[in-house]
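K.L.:
Please build the complete structure, drawing on both the sequences and the hints.
There are 4 protein chains.
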Amino acid sequence: MKIDVFINVMTTELVEPIGRLGNLEKRVMEGDVTASQAYAYAVGLYCEKVRSAVFVNAIPSPIANDPAFIEYYRQKKGVVFGDDGSTGATPLTADLLEHMYERNRRVLDIAQFNIGGNTDFLALNLPERNIMKKKTKSSIVEDILGYEAPNYIRPTGYLEPLGDKKFVAMIIEYLSFGEFKDELYIVARINDSPALAGLLIDLVRLGRMALDRETYGTVYEVNAFYMKKPGPPGFKAVSKYYAYTKLLEWAGVKDPRF
Amino acid sequence: MKIDVFINVMTTELVEPIGRLGNLEKRVMEGDVTASQAYAYAVGLYCEKVRSAVFVNAIPSPIANDPAFIEYYRQKKGVVFGDDGSTGATPLTADLLEHMYERNRRVLDIAQFNIGGNTDFLALNLPERNIMKKKTKSSIVEDILGYEAPNYIRPTGYLEPLGDKKFVAMIIEYLSFGEFKDELYIVARINDSPALAGLLIDLVRLGRMALDRETYGTVYEVNAFYMKKPGPPGFKAVSKYYAYTKLLEWAGVKDPRF
Amino acid sequence: MKIDVFINVMTTELVEPIGRLGNLEKRVMEGDVTASQAYAYAVGLYCEKVRSAVFVNAIPSPIANDPAFIEYYRQKKGVVFGDDGSTGATPLTADLLEHMYERNRRVLDIAQFNIGGNTDFLALNLPERNIMKKKTKSSIVEDILGYEAPNYIRPTGYLEPLGDKKFVAMIIEYLSFGEFKDELYIVARINDSPALAGLLIDLVRLGRMALDRETYGTVYEVNAFYMKKPGPPGFKAVSKYYAYTKLLEWAGVKDPRF
Amino acid sequence: MKIDVFINVMTTELVEPIGRLGNLEKRVMEGDVTASQAYAYAVGLYCEKVRSAVFVNAIPSPIANDPAFIEYYRQKKGVVFGDDGSTGATPLTADLLEHMYERNRRVLDIAQFNIGGNTDFLALNLPERNIMKKKTKSSIVEDILGYEAPNYIRPTGYLEPLGDKKFVAMIIEYLSFGEFKDELYIVARINDSPALAGLLIDLVRLGRMALDRETYGTVYEVNAFYMKKPGPPGFKAVSKYYAYTKLLEWAGVKDPRF
Chain A
239 MKIDVFINVM TTELVEPIGR LGNLEKRVME GDVTASQAYA YAVGLYCEKV
289 RSAVFVNAIP SPIANDPAFI EYYRQKKGVV FGDDGSTGAT PLTADLLEHM
339 YERNRRVLDI AQFNIGGNTD FLALNLPERN IMKKKTKSSI VEDILGYEAP
389 NYIRPTGYLE PLGDKKFVAM IIEYLSFGEF KDELYIVARI NDSPALAGLL
439 IDLVRLGRMA LDRETYGTVY EVNAFYMKKP GPPGFKAVSK YYAYTKLLEW
489 AGVKDPRF
Chain B
239 MKIDVFINVM TTELVEPIGR LGNLEKRVME GDVTASQAYA YAVGLYCEKV
289 RSAVFVNAIP SPIANDPAFI EYYRQKKGVV FGDDGSTGAT PLTADLLEHM
339 YERNRRVLDI AQFNIGGNTD FLALNLPERN IMKKKTKSSI VEDILGYEAP
389 NYIRPTGYLE PLGDKKFVAM IIEYLSFGEF KDELYIVARI NDSPALAGLL
439 IDLVRLGRMA LDRETYGTVY EVNAFYMKKP GPPGFKAVSK YYAYTKLLEW
489 AGVKDPRF
Chain C
239 MKIDVFINVM TTELVEPIGR LGNLEKRVME GDVTASQAYA YAVGLYCEKV
289 RSAVFVNAIP SPIANDPAFI EYYRQKKGVV FGDDGSTGAT PLTADLLEHM
339 YERNRRVLDI AQFNIGGNTD FLALNLPERN IMKKKTKSSI VEDILGYEAP
389 NYIRPTGYLE PLGDKKFVAM IIEYLSFGEF KDELYIVARI NDSPALAGLL
439 IDLVRLGRMA LDRETYGTVY EVNAFYMKKP GPPGFKAVSK YYAYTKLLEW
489 AGVKDPRF
Chain D
239 MKIDVFINVM TTELVEPIGR LGNLEKRVME GDVTASQAYA YAVGLYCEKV
289 RSAVFVNAIP SPIANDPAFI EYYRQKKGVV FGDDGSTGAT PLTADLLEHM
339 YERNRRVLDI AQFNIGGNTD FLALNLPERN IMKKKTKSSI VEDILGYEAP
389 NYIRPTGYLE PLGDKKFVAM IIEYLSFGEF KDELYIVARI NDSPALAGLL
439 IDLVRLGRMA LDRETYGTVY EVNAFYMKKP GPPGFKAVSK YYAYTKLLEW
489 AGVKDPRF
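Quick note, the sequences are listed as chains A, B, C and D, same order.
For the first sequence, the positions run 239 to 496 when our numbering is used.
For the second sequence, the positions run 239 to 496 when our numbering is used.
For the third sequence, the positions run 239 to 496 when our numbering is used.
For the fourth sequence, the positions run 239 to 496 when our numbering is used.
Mixed in with the good hints there might be a few duds.
Since the list gives no way to pick out one identical chain from another, each pair is judged satisfied if it fits inside one copy or across any two copies.
Below are the SDA-like pairs computed for lysine to any residue, each with C-alpha atoms no more than 25 Å apart in a straight line [stated by the list, open to error]:
1) K492 <-> R344
2) K474 <-> E309
3) K484 <-> R443
4) K419 <-> G395
5) K419 <-> L434
6) K484 <-> E380
7) K474 <-> E459
8) K419 <-> D402
9) K474 <-> K484
10) K419 <-> N342
11) K484 <-> R392
12) K403 <-> Y385
13) K419 <-> V442
14) K474 <-> Y458
15) K492 <-> N342
16) K264 <-> R341
17) K484 <-> E459
It should be emphasised that the hints constitute simulated quantities derived from the structure, not laboratory data.
P.N.:
What follows is the structure, encoded as structure tokens:
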């Protein structure tokens, strides 16, 4: 059995980056790693001993944002995509903010609520998991707008009968030309798992492309479109529109509409 | 200076009812009471020593729901209205649920988010205060519908630039005739303080009416319309429509439209 | 075959009341009646020749609001309920307005949009049919609030893929205490036909009750809850909450919650 | 007095393109032109006799989409920007559709309502003006998505107390991965005139840039971002994100964020 792509869709865990590659081995040997880190480490060994492969980190744990793991995969001739698959309300928020930026609207505040009835929301009831989610979600505001707009963006609760179709509610208040205040309200019902499924299939294919090109380490152009916190560290979040253009360029695909 | 009505609008506090009147005096002497309980006790003394008066408890602390205080006010020839002034989204939710009940809709779930930028929301960031709010808010669902519909109803966050005009977002999912699923989404922008101001002015006037009638203790007909958790304990929450009819009857006012 | 209740669910037609009973026979003989009027006339004959029966007019044509038909049914020992079955957004609007009225909110404006993909919406594309709908819908505003609030309430369009589950969007702007402006936005997805089906089943049962009691002509207490334009003419629209209480009284049913 | 830029913000008028430049002069002489066409013609004469200038057509009349006028301005050494300034809900819809397209969502239907209380909405009460608006608004759907998604996109009504701050309500239904149906609802309150004011100021500056570069006729890169129906004819509508990139390129401006 020869596997090209491994996918990590574990429940959100509380974890900090390891940082220096030199510490990775030691931490693993001492058992001082989270499940995701152990998994990412094991896939690196697979790359070394079996064949080059891809680790898709679809959860908030910093793997593609951890210099230790990026360097580790580069050395093992593997690829890591991450972190935190960007489906649902976050990419929509990113693109709405870009829409505001391009019109020179001054965003005053953003509140975004999420509630669902699947196990992902159940797990987020634990405050320390919620903190991880918040980190990957709210960095987009300053990166895209260029200033810090007060915001409250986080998964909010668990309500069993909603099932997998989450309820998202959002307000964006902004100043239009001449300091007139406009308000934008979004209500969305989004099937959570299917959105992620489609994203993962794309990432599997793109992972194989990266392997074919021998592009080891991580690929920002892929992460920027598909991830909430695209690695490597140091890159700003960008709007998904911008990321899409960059992704097509990287993939060598021409937009059929133009 | 002769005062008829005292109003308690302190910040939400974590507190349980005292229960038996016999314990009240002792708890006060030992300093084992919250600020609201101390305030309510003092107004009782005022009733005894100066003149009959009204204590309007506009916050979630159980005063009009505490048998100890109801009996205490009856003995002191005072009146207590409470608990937790019902403005904003809660009375609207109550009336929407009544609307569903009267059409025999089966409510599947209710989620209601609240976010604002005033000090009331700031205080609710503290989890133990939030718990008190949740208690007074979600009891309405079962009381009005007659069954327990899963719900997530609570103040959600603090976002300073929203100021006093809070943002409310709500979903109600229900089964229509033949088990077809309908969805109702509410988005509201409500000025928080003015709504309470109007309510308090009504309560001051109704308090004076109660004094004139020598109706001591508490008055369910008043509490039912104006409070989230109307005292005395043992009464169910009712829709505000129903409560309005009862209030007019108690006040001896005829609806000018009919 | 002995039928008790006839239901008229024809497509909306453009029609004015006949007014005087004396003109009804003549108009029928000359063929100068709409389909609904002809149907209502025929059911009257059935009452006379076969047995007492009920005509439920679930569409906007004025039958229970036409003095000619009310008198006609009284003479024939029949019952007419009408006009225009009140499902979907209209009763919700009525109850929201009542909610505003009871809090002394000053409603500034109401806009309500409706779009669906069933044949009812398709028919309303014809402007003259739309006018009939508008008539039965917007009278509620002034009747409930006691003043004329500017409003735009009417079915708006046809969009085939929405099917039977219509999309309703509404804004209500109002002044709170101290003239602060609040806004309420409603978005609803409502299965159109099932809501009407449930209503018609109720009306069939209530129709039989009216026959058993020999209450001929029309019954305001039934119409007020179930109809957009409850007959007989001269009665104001009331909130559905108020109508519900009156309906239970008429039916001799006690609310099991109290 | 030396004017560089003329702006047309007349009320929407019913008009077809002239088509061939050869017909323009004749139509003008016979008075067989609308106010906008006459105005555009006069500015062309100004270009010839006084100095090169820009005609910004901010209304739906086809000027920058009329081959006759494009050629006319090229010959007179003038510039025409148009048609129909793109503010409010239309560019937002364009960008939301692009968001769907980039994720391979299948859009099932779009309904978008607009209601306001300014004279622009008052004028659109006249059906023939409404038709013109519809034309410039709904072409975006097919152009961006690449297929014809059923839609109902048009200004809906006039409600005086809303004033200049219009109310927009929108639904977009689409299939996610695996044919699961998601729904997106947008409610917006947008100050109508300020949005246009800011857009016109941009266009004045860009007009001056075009004159400095002696780029006569029309400029698609400018029209694509600022106009609902960007001229010249034959170009597809594109998302505003895409248009923004092209605009910066044309203007020689680097996005300061990258």
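K.L.:
If a hint holds in the structure, say so; if it doesn't, say that too.
P.N.:
We went through each hint and held it up to the structure:
In this homomeric assembly, K492 and R344 come within 25 Å of each other (Cα to Cα) only across copies, at 20 Å, whereas the closest approach inside a single copy is 34 Å. With identical chains, the CA atoms of K474 and E309 are at most 25 Å apart within one copy only, with a shortest distance of 20 Å there and 45 Å across copies. Only within a single protomer do K484 and R443 lie at most 25 Å apart by alpha-carbon distance; the minimum there is 17 Å, versus 30 Å between protomers. In this homomeric assembly, K419 and G395 come within 25 Å of each other (Cα to Cα) only across copies, at 22 Å, whereas the closest approach inside a single copy is 30 Å.
With identical chains, the CA atoms of K419 and L434 are at most 25 Å apart between copies only, with a shortest distance of 14 Å across copies and 35 Å within one. In the homo-oligomer, the alpha carbons of K484 and E380 lie at most 25 Å apart both inside one protomer (20 Å) and across protomers (24 Å), since each shortest distance falls under that limit. For the homomeric pair K474 and E459, the shortest alpha-carbon distance inside one copy (12 Å) is at most 25 Å, but the shortest distance between copies (28 Å) is not. In this assembly of identical chains, the alpha carbons of K419 and D402 lie at most 25 Å apart only when taken from different copies (12 Å versus 35 Å within one copy).
Proximity of K474 and K484 under a CA criterion of 25 Å is satisfied in both settings, with 14 Å inside one chain copy and 22 Å between copies. Proximity of K419 to N342 under the C-alpha cut-off of 25 Å is restricted to the intra-copy arrangement: shortest distance 13 Å within a copy versus 27 Å between copies. When the C-alpha separation of K484 and R392 is checked against a cutoff of 25 Å, the pair qualifies neither within a copy, at 27 Å, nor between copies, at 34 Å. Within a single copy, K403 and Y385 get their C-alpha atoms only as close as 33 Å, which misses the 25 Å cut-off; across copies the closest is 24 Å, which meets it.
In this assembly of identical chains, K419 and V442 lie within 25 Å of each other by CA distance solely across copies; the values are 24 Å between and 44 Å within a copy. Taking the shortest alpha-carbon separations for K474 and Y458, only the intra-copy value of 11 Å comes in at or below 25 Å, while the best inter-copy value is 31 Å. Only between protomers do K492 and N342 lie at most 25 Å apart by alpha-carbon distance; the minimum there is 15 Å, versus 30 Å within a single protomer. In this homomeric assembly, K264 and R341 never come within 25 Å of each other (Cα to Cα): the closest approach is 51 Å inside a single copy and 41 Å across copies.
With identical chains, the CA atoms of K484 and E459 are at most 25 Å apart both within one copy (6 Å) and between copies (20 Å).
Going through the hint list in order, the structure does not satisfy hints 11, 16.
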